[in-house]
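Following the hints, position chain D against chain R.
From first to last, the protein sequence lines are chains R and D.
Residue 92 in the working numbering is what sits at position 92 of the first sequence, and the numbering runs on without skipping anything.
Convert by adding 1000 to the 1-based position in the second sequence; the result is the number in the working numbering.
Since the hints were derived computationally from the structure, they do not count as laboratory data.
Ideal placement from N, C-alpha and C gives every residue a C-beta, glycine not left out.
Hints are supplied without guarantee of correctness; some may be wrong.
[As the list claims (entries may be wrong)] Here are the simulated lysine to aspartate or glutamate pairs, DMTMM-like style, with alpha carbons at most 25 Å apart:
hint : chain 1 : residue 1 : chain 2 : residue 2
1    : R       : 52        : D       : 1078
2    : D       : 1104      : R       : 35
3    : D       : 1025      : R       : 23
4    : D       : 1068      : R       : 35
5    : R       : 108       : R       : 87
6    : R       : 102       : R       : 62
[To be verified] Label-pair distances were calculated between CB atoms; the ranges are:
hint : chain 1 : residue 1 : chain 2 : residue 2 : range
7    : D       : 1046      : R       : 82        : 39 to 45 Å
8    : R       : 72        : D       : 1092      : 30 to 36 Å
9    : R       : 103       : D       : 1087      : 36 to 42 Å
10   : R       : 34        : D       : 1012      : 23 to 29 Å
11   : D       : 1032      : R       : 3         : 28 to 34 Å
12   : R       : 23        : D       : 1010      : 45 to 51 Å
13   : R       : 52        : D       : 1094      : 30 to 36 Å
14   : D       : 1041      : R       : 108       : 27 to 33 Å
15   : D       : 1012      : R       : 59        : 27 to 33 Å
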Amino acid sequence: MIMEKELFTKVQQTLAGALGVEESDITPEASLKRDLGAESIDFIDIVFRLEKAFDLKIPAGDLFPSHLLNDERFVKEGMVTAEGLTELRTKLPYLELGEFTKDPQITKLADCFTVKMLLRYLNDRLGKSSCSDQCCS
Amino acid sequence: MLLVKQRIATLRGVGVDLVSRNRVKQFLSRHGDYVRERFLNSSERRSFKRLSPQDFAELFTAKEAFFKACGEAWMGLEGFQGMRMKRCQGDHFEMEWRTGTTNKLYRGEGHFFRSGDLVGAQAMIWR
Chain R
1 MIMEKELFTK VQQTLAGALG VEESDITPEA SLKRDLGAES IDFIDIVFRL
51 EKAFDLKIPA GDLFPSHLLN DERFVKEGMV TAEGLTELRT KLPYLELGEF
101 TKDPQITKLA DCFTVKMLLR YLNDRLGKSS CSDQCCS
Chain D
1001 MLLVKQRIAT LRGVGVDLVS RNRVKQFLSR HGDYVRERFL NSSERRSFKR
1051 LSPQDFAELF TAKEAFFKAC GEAWMGLEGF QGMRMKRCQG DHFEMEWRTG
1101 TTNKLYRGEG HFFRSGDLVG AQAMIWR
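Just chain R, same shape as in the assembly:
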């Protein structure tokens, strides 16, 4: 079983390789897009690198909620509805919506994709029961 520190270090190395940033810039709170400058091709690169680094397959809807965003109950006129926010919280518990709920423009959702989200997801996938403060909080 992978230790939390080891998990964080491996994620830092993976992200640094994909995004060309310093490992020290990769904190749990950092947003992949806003803070680390990830573009679309980088998101794909990150998914593929994580799959290889942790020997797992990340299904399309696990990290990025495309299946929810296609539903008109959850997104209306470019905004995530209250029902959509509830659905996001339920189906993507790794995602921290935070400030996004105040102005839920769909195009800003990518700002919520943080390093912490990846750590929580991997922690869950790799079979750990919970994440300690050092790792994800």
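Relative to chain R, chain D alone:
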């Protein structure tokens, strides 16, 4: 006086994307097999027996620009696989995308442009 009723197309969305060929080259050398299996759809897999950095850069920027023009959220690999690009004369392309569960259909067109190491695409959707 003859009155002619004319339908004027209005622009629904514009999207632009740009990628470095060198970045694409690195990406393909690391994930070539994955890209083929998870990014390309079945017809693209048939069309591109061998996917060059230029091919992928164009395909990627066209799809990325198109989805920006649609104003949808980033849908990851699933979204990219659902888009169908048709390369037309010169640097012109046409694109069609039927989104997953709601079956929403987007159609549009665009152009590629290049500058040094960069490959870009501009896409437009008309109402």
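- Which numbered hints are broken by the structure, listed smallest first? When the structure is compared with the hints, only number 2 turns out to be violated.
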